[in-house]
Every structure is written in C-alpha cells, then in structure tokens.
Amino acid sequence: MKNKMAANKGIYTKRDDGRKMDEVRPMTAKVGIVPSADGSASFETGRTKAIAVVRGPRTLHPQHLQNAQTGILRVNYGMMPFSVEDRIRPGPNRRSEEISKVTEWALSSVVDLSGFPNTVVDVFIQIPQADAGTRVAGINAAAMALAHAGIPMKQMVSAIGVGKIDKTLVVDLDKFEDSEFHDEEGSTDIPMVFTSRKKDIALLQLDGKISVPEFKEVVEMAKKACEDILKVQMEALKNVGEDDE
Amino acid sequence: MANEKRQIVVPGETLVSGNEFLPGDGAYRDGDDVVAGRYGILNMAEKHVRVIPVSGAYYPRRGNTIIGTIVDITFNGWLIDFGGAQNAFLPVAEVPRYINRNEMREFLDFGEAVVVKVWDVKSRGVDLSMKMRGFGKIEGGMILSVSPNKVPRIIGKEGSMVKLIKDATGCSITVGQNGKVWISGNDADKELATKKIIEFIIAHSTIAGLTEKVEKFIADLGLKVEKVEIVEENTDGGEE
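As they're listed, the protein sequences go chains H and W.
For the first sequence, the tail end lands on 245 under our numbering, and the numbers increase by one without skipping.
For the second sequence, the tail end lands on 485 under our numbering, and the numbers increase by one without skipping.
Hints in this document: simulated from the structure, not taken from any laboratory.
You may find that some hints are simply not true.
[As the list claims (entries may be wrong)] Over 12 Å on every C-beta distance to chain W, these chain H residues come out as not near it, computed from the model:
{"no.": "1", "residue": "M144"}
{"no.": "2", "residue": "E220"}
{"no.": "3", "residue": "A236"}
[What the hints assert, rightly or not] If you want the footprint, here are the derived chain W segments under chain H, 3+ residues with CB under 8 Å:
{"no.": "4", "stretch": "253-259"}
{"no.": "5", "stretch": "296-309"}
[Claimed, not checked] With a straight-line Cα cutoff of 16 Å, these simulated EDC-like cross-link-like pairs (lysine to aspartate or glutamate) come out:
{"no.": "6", "chain 1": "H", "residue 1": "K224", "chain 2": "H", "residue 2": "E97"}
{"no.": "7", "chain 1": "H", "residue 1": "K198", "chain 2": "W", "residue 2": "D412"}
{"no.": "8", "chain 1": "H", "residue 1": "K209", "chain 2": "H", "residue 2": "E235"}
{"no.": "9", "chain 1": "H", "residue 1": "K154", "chain 2": "W", "residue 2": "D270"}
{"no.": "10", "chain 1": "H", "residue 1": "K199", "chain 2": "W", "residue 2": "D275"}
{"no.": "11", "chain 1": "H", "residue 1": "K198", "chain 2": "W", "residue 2": "D317"}
{"no.": "12", "chain 1": "H", "residue 1": "K30", "chain 2": "H", "residue 2": "D166"}
{"no.": "13", "chain 1": "H", "residue 1": "K154", "chain 2": "W", "residue 2": "D278"}
{"no.": "14", "chain 1": "H", "residue 1": "K198", "chain 2": "W", "residue 2": "D275"}
{"no.": "15", "chain 1": "W", "residue 1": "K461", "chain 2": "W", "residue 2": "D412"}
{"no.": "16", "chain 1": "H", "residue 1": "K154", "chain 2": "W", "residue 2": "D412"}
Where is the CB? At the ideal position from N, CA and C, for every residue including glycine.
All chains should be built: construct the whole structure from the sequences, respecting the hints.
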C-alpha cells in the first residue's frame with residue numbers, strides 16, 4: 001500500500017503514518033533513568049528510542065590524551081543488536097564511529113569543560129529501538145543527560161532530521177521515509193542540531209541532493225521543530241525534582 | 246529549603262533580565278540577560294543570581310569535609326581518591342604530627358580511609374588538610390556511599406538530622422560532602438540500624454516532614470531517641 005500510493009501519485013502527498021508534513025512524531029523524554037551514573041536521560045520519538053548516560057568529569061587515561069587547558073568530551077554511540085529487525089553486530093563500526101564523532105562536535109559547541117583540565121566527560125548513547133532518526137534522538141538524549149550531570153553548558157541543543165521525499169519536504173522521517181522510499185527522486189535526509197538560545201546550527205549533515213531555496217526552507221522547518229523538542233527536553237528536566245531528587 | 250518553591254532551571258534559560266543583576270556560580274551574562282550555565286535550582290540573593298546543583302558529580306569546595314581513600318604515596322604526601330574529577334593531595338606538612346619521609350606508609354597506607362578538609366581547590370587539583378580536630382584516619386565502623394546531592398538531607402538543618410540519628414543509635418556519624426558517610430559505634434547492630442536510617446532518608450529525601458517520618462522509622466526499628474554524649478561533630482556546611 002505504501003509504495004503503491006507513492007507510485008500512483010508520482011509525488012509524496014500524504015505521509016504514511018498520517019502525520020502532517022511538518023509534524024514531529026510524538027515525543028517522550030525522561031531524566032535520571034540510570035541512578036548510578038552522574039547524569040542520564042532517555043528520549044523517544046515514535047518508535048525510535050535513545051538512552052544517554054554521562055559519567056564524569058573524571059581523570060582521563062591514557063595520560064597522553066589529556067588536555068592541560070580543558071576537559072574533553074568523549075561520545076560513544078551504539079545501536080543495540082536487537083534495535084532493528086536484522087540483528088546488528090555489536091561493537092564499533094564505520095557508521096557508529098561517524099555518529100559518535102559528529103555528536104561529539106555538536107555537543108562540544110555548548111559544553112564548557114575549561115574548569116576541569118586533564119579530565120574527560122564520557123557520554124554513552126545507546127539505541128534500544130531504531131526507526132530512523134537515531135542520531136538526532138541520541139543527541140537530544142545526550143544534551144539532557146549532560147545537563148542532568150551538572151556539566152557547565154552555555155545552552156541546550158535540540159536535534160531534528162528534515163528530509164525531502166521525492167519533491168516534498170518533511171520533518172522527522174521514519175524508517176519507511178528514510179530508507180524504504182525509492183520511487184521517483186527517492187529520499188534525502190538532513191539531520192540538524194540547533195542550540196537553544198542563539199539558535200545556531202551545531203550540526204548539519206546532508207546525504208543526497210537539494211536545491212538552495214529548498215534548503216533554506218529545510219532550515220526554517222528544522223528550527224521550528226526544534227522549538228517543540230526543546231519544550232519536551234525542558235519539561236523532562238524541570239519535572240525531575242518532583243519524584244527523584 | 247523544603248518549604249519554599251524550588252525553581253529548577255535548564256542551561257540556556259534566561260534567569261533574570263537587567264544590568265543590575267550579578268551572575269554568580271552556574272550563571273553567566275548574555276547581553277541584558279543573566280542566563281543559567283548549568284542545571285540546578287535558581288537561587289537569588291538580592292542582586293546575586295546563582296544556580297545550585299541538584300544532580301551530578303561532586304565538585305569540591307574550600308572548607309568541605311570529605312572522606313576518601315589513599316591511592317598513592319609520593320615523596321611529600323598522599324594522593325587521595327574522593328570520587329571527584331581529580332585526585333586530591335594531602336601533604337605531609339598538613340597532618341597533625343611530624344612524619345618522617347621514610348615512615349609515611351606507617352601513618353597512612355594504600356587503601357586506608359581518611360576524613361580530611363578541603364584546603365584549596367585549584368584548576369589542577371585539590372589540596373587537603375588534616376590538621377584540625379575531627380579529621381584523621383578512619384578506623385573501625387563502616388563507610389556508606391550516597392549521592393553527594395543528598396548530603397544536606399542527611400545533615401538536616403544545622404545538623405539536626407544527624408543529631409537525631411546519633412541520639413537514637415549512639416553511633417558516631419561523619420558525613421563527607423562527597424557523599425561518603427562514616428558510621429562508627431560500639432556494636433554492629435547499632436551501626437546497621439544507623440545505616441538503615443540513612444538509607445531511609447535517601448529513599449524519602451523529597452517528602453515533606455522528613456524529620457517526623459524519620460522519627461517514626463526510628464521508633465519502628467525499636468530504638469528510643471535518647472540523649473547520648475558524642476565527642477566529635479563533623480557536620481559543617483549542611484543546608485545551602
């Protein structure tokens with residue numbers, strides 16, 4: 001049904017799950033899910049679920065990686081073997097290494113570890129259930145976990161994936177839109193990270209083709225979606241005091 | 246602190262607007278606004294705006310009493326692990342009596358626990374001292390690990406909670422700001438009872454009227470709150 005509909009119309013006029021083109025999947029966020037860690041959070045959008053755990057600041061070993069001027073941020077992203085239908089081989093791979101790195105860069109722009117030289121703050125992101133958009137869900141969870149760990153941060157970050165399905169721009173692609181839609185022009189996914197205060201872009205990745213006017217629209221759509229995500233993140237962080245702390 | 250409304254703030258959130266306000270710990274200025282630089286509870290003292298941590302790792306501050314273990318011995322002091330970002334250093338000159346450099350292991354050996362005071366916090370690490378009353382090596386009893394953010398709950402207002410437990414069990418309790426609690430008493434049953442009470446406080450740290458609940462819990466354990474004279478008090482820096 002999915003493919004037939006798209007093929008008949010020639011363009012993607014209606015979303016598979018009935019969402020509006022600029023509608024984000026329903027989100028839930030929770031803070032403090034791992035009590036023994038310094039900070040932790042989970043973030044879900046639709047069927048994508050990410051958990052992030054922060055440990056540190058703590059002394060960095062081996063010593064040659066230490067920076068005497070500032071602490072460093074180290075991100076480790078991984079998908080759990082059962083997160084998708086086919087089993088994923090556990091352990092680092094090309095994709096997870098890339099995502100760890102870009103997440104690290106995006107988060108480094110807001111955290112301030114200058115007060116903790118020679119130390120490291122470890123961020124572990126795990127994806128128990130994947131339905132596209134795992135890196136943005138991971139970044140959303142990691143930002144909350146870092147805040148929860150009491151790490152000095154200038155501001156928060158929120159992440160969203162905006163895509164182009166055939167000729168239509170859509171926000172927050174799910175698995176079908178992201179990797180199973182191959183008709184006509186196919187799909188393009190653009191993960192973006194915005195800072196909460198300055199609304200700067202902390203991360204932007206683009207696989208595929210898009211025109212300049214369309215791209216400008218994508219940035220606006222992502223900015224708007226990030227407002228909603230930030231609200232969910234703030235809500236989760238503010239409510240933690242009620243039952244946990 | 247329990248009665249007033251706690252306002253939790255998130256990094257990047259505007260706390261107040263206006264040039265007359267001064268950003269303190271955990272806050273910074275951005276144009277006209279004072280902005281939260283970390284996650285915590287908003288604290289405004291007149292024009293001074295700061296954010297008090299509610300979660301996360303322990304950050305040492307000058308004057309804190311902490312409990313740690315010896316992890317290394319250098320030619321002029323001891324390195325102490327207290328669960329913070331860096332190790333802390335206790336120089337030989339900062340212990341109560343003169344120690345010969347060759348006999349440092351006899352005074353404090355690897356793995357032994359100490360109660361020490363944070364003398365100075367530098368970017369490179371923490372300096373400690375043991376020279377004042379109530380500090381020294383830990384012998385006997387047990388050490389309990391709790392979240393550093395729950396420490397004010399255990400201590401209570403001006404040490405009232407700690408005093409309550411001490412009166413009930415007769416054990417001496419030393420609360421380290423880094424979340425380590427040293428319990429020491431005459432018999433193991435009393436120490437275990439003390440441990441149970443502290444765990445109860447941690448589990449119920451957010452409820453209103455905690456003191457009454459703890460009193461009831463103590464009564465349920467079959468202990469009576471009676472006045473016992475305890476020599477040492479190490480409960481500084483309790484309530485923020």
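For each hint, the structure was consulted:
no. : hint            : verdict
1   : M144            : violated, 9 Å
2   : E220            : holds, 21 Å
3   : A236            : violated, 10 Å
4   : 253-259         : holds (count 5)
5   : 296-309         : holds (count 6)
6   : H:K224 / H:E97  : violated, 29 Å
7   : H:K198 / W:D412 : violated, 54 Å
8   : H:K209 / H:E235 : violated, 36 Å
9   : H:K154 / W:D270 : holds, 13 Å
10  : H:K199 / W:D275 : holds, 14 Å
11  : H:K198 / W:D317 : violated, 45 Å
12  : H:K30 / H:D166  : violated, 35 Å
13  : H:K154 / W:D278 : holds, 13 Å
14  : H:K198 / W:D275 : holds, 10 Å
15  : W:K461 / W:D412 : holds, 14 Å
16  : H:K154 / W:D412 : violated, 46 Å
Hints 1, 3, 6, 7, 8, 11, 12 and 16 from the list above are not met by this structure, while the remaining hints are.
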